[in-house]
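Peer 1: Residue-level listing of the chains:
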Amino acid sequence: MEFISQHPVLVAAVVKVVVLLFVVMTALAYLTWLERKVVAHIQSRWGPYYVGAHGLLQPLADGIKFLFKEDVTPPASDRLIYLLAPFLALSLALTALGLIPFGPPGVRFPNGQPVFIVSDVSIGLLFLFAITSLGVYGVALAGWSSNSKYPLLGALRSSAQMISYEVSLTVSVVGVLLLAGTLNFNHIIEGQRGYWHWLRIVPHWYIVPQIVGFLCYLTAAIAETNRVPFDLPEAETELVAGFHTEYSSFKFAMFFMAEYANMITVSCLATILFFGGWLSPFPDRWTWQLYLPGAGLLALGVYCAYDSVTEMRGLARLQLSVVTLLALGGGALCLLPGVAPVIQGPFWFTAKVLGFLFFYIWIRGTLPRFRYDQLMSFGWKLLLPVSLANLVLTAAWFAWGWVRG
Amino acid sequence: MIFPAILFFVCALLAIVGAVMVILAREPIHSALALILVMMSLAVLYLLLGAEFIAAVQILVYAGAIMILFVTVIMVINAGVEERTDFSKIAKFAGLPLGFFLLLETAHWLYHSAIGAAIANGPGAHAEAFSTRELSTELFRRYLLPFEATSILILIAVLGALVLARKDE
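Read top to bottom, the protein sequences are chains A and B. Read in order, the letters of the first sequence are residues 1129 to 1533 in the working numbering. Read in order, the letters of the second sequence are residues -7 to 161 in the working numbering.
Please keep in mind that the hints were generated in silico from the structure rather than gathered at the bench. One should not assume that every hint holds.
Label pairs and their in silico Cβ distance ranges [stated by the list, open to error]:
1. Q1502(A) / I146(B): 28 to 36 Å
2. A1524(A) / P138(B): 25 to 33 Å
3. F85(B) / L1149(A): 52 to 60 Å
4. F1196(A) / L151(B): 53 to 61 Å
5. V2(B) / V1200(A): 29 to 37 Å
6. H1169(A) / A153(B): 45 to 53 Å
7. I146(B) / A1527(A): 23 to 31 Å
8. L94(B) / V1147(A): 49 to 57 Å
By construction, the Cβ of each residue, glycine as well, lies at the ideal position given by its N, Cα and C atoms.
Kindly produce the complete structure, drawing on both the sequences and the hints.
Peer 2: Written out as structure tokens, the structure reads:
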């Protein structure tokens, strides 16, 4: 007990990391479910349907399958690096999430530590870029250590792609930094409080002056996470499965999880930089918004109850009833006067991030893949000049004092 | 204050082991990885000194950009395993003692210098002196000329590399 009271930072950090890991791992699992469902519906299919009601237990089944599959290590591979690469990819992707503020810094534990951020670094953005820039190693080393043609080609492609698009990604964000005047995430979000003075209903989010920067960021972020239409590193038709061709079992799953964790990270970053992070889009005087999270969960519970009664049979009905109870109970909990204000920040943050994740999946269901030369010329000849021009314009705007937002 | 001390010794050890590995590893990729290990350990040491910005830039620029290029180039040219030769006689009998002597001399100098005193005051003693804002003010006001000169130097190096790498028509 003495140890706990003497090291508040350490204890709080351990608790937060454990909780965050649990939440993120669950979110990753159900992100795969969401992706399969959304893409299926875009393509007029049902998607996973048999394992659990609406396929809700599919991620669990996948996880068990990955765990019990044979773990093959190619004999010609470089064993140490072959083992290291997936760990590197996943741990870096998860580390980045430790810098993200999921709610206002004012909410604190009894020992004075902020609840919604693992580590509130004064130069958070720079550290985030430092960590995500290392993500290339997972891909590059995986391809190299497999000692096989297709993985090597995939790794080369992806290193080139990630290096190219990282430049645009970083440059497109600098405009926001000029507006905010700080590298700390919470301060950047605080700077977006209120409304633009010439347009009273539009929140003071940085997307309004930085719409070009936002579009550049979004494009570069999709490329950076190797998602469609920029998923050249794993173009099946050309490279089998790209850099992770030789990986099987849980090592493959780790690359998979790393990709989804990176998706979450860039969505969080977009939310923080351009969409006001954990701030609500409505003015503070609208007190009914306090009950929005609870009301949403209750509505979900009611829908699940309706669905389980009308559509489901047998075991599926039972499973959906559990979901119903969870949603109703969670909704009631969120309506409690002590909980409702605390849950506001995380609610808006999660809602915005989910919006971005849905957008990602939507893009994947809609767009075809780029050709490799198109990818490179797009990155260097269009995206980089546009984001540079955006930066120069913003800087000029500041230099002549046009901005007094 | 025991945690920073432990962290310091672990990272210092990692940095030294990594540096030795850079030389001893026979596979070029292993050398590159060991170099990354050195840089990451140094970044943690900077963090311990309270220099957050330098630490982040250390990771971002060295580990995140330069070493990625190294690794990519090694992969592209598919560099094989290095050949190992015996030490030359001069290296064996003059190089090793001289290197050891240099190490001692540096340690001696550090021990008596201002930097050594600053380090001895304990990790994080200068935490407040190194904010990003102050660093950039210093960099772009007081040290603007050296900064620009360095930039031009790097530009010249890039052009030189391009000229050297170009094939004759």
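Peer 1: Each hint needs a verdict: does it hold in this structure or not?
Peer 2: Verification of the supplied hints:
1. The hint said 28 to 36 Å for the Cβ distance between Q1502(A) and I146(B), and at roughly 31 Å that hint holds.
2. Between A1524(A) and P138(B) the CB atoms are about 26 Å apart, so this pair conforms to the stated range of 25 to 33 Å.
3. Checked against the hint of 52 to 60 Å, the C-beta distance between F85(B) and L1149(A) comes to roughly 55 Å, which is consistent with it.
4. Checked against the hint of 53 to 61 Å, the C-beta distance between F1196(A) and L151(B) comes to roughly 56 Å, which is consistent with it.
5. Taken as a hint, the range 29 to 37 Å holds for the pair V2(B) and V1200(A), whose Cβ atoms sit roughly 34 Å apart.
6. About 52 Å separates the C-beta atoms of H1169(A) and A153(B), a value consistent with the hinted range of 45 to 53 Å.
7. For the pair I146(B) and A1527(A), the supplied restraint of 23 to 31 Å holds, since their beta-carbon distance comes to about 26 Å.
8. Under the hint 49 to 57 Å, the C-beta atoms of L94(B) and V1147(A), about 50 Å apart, fit the expected range.
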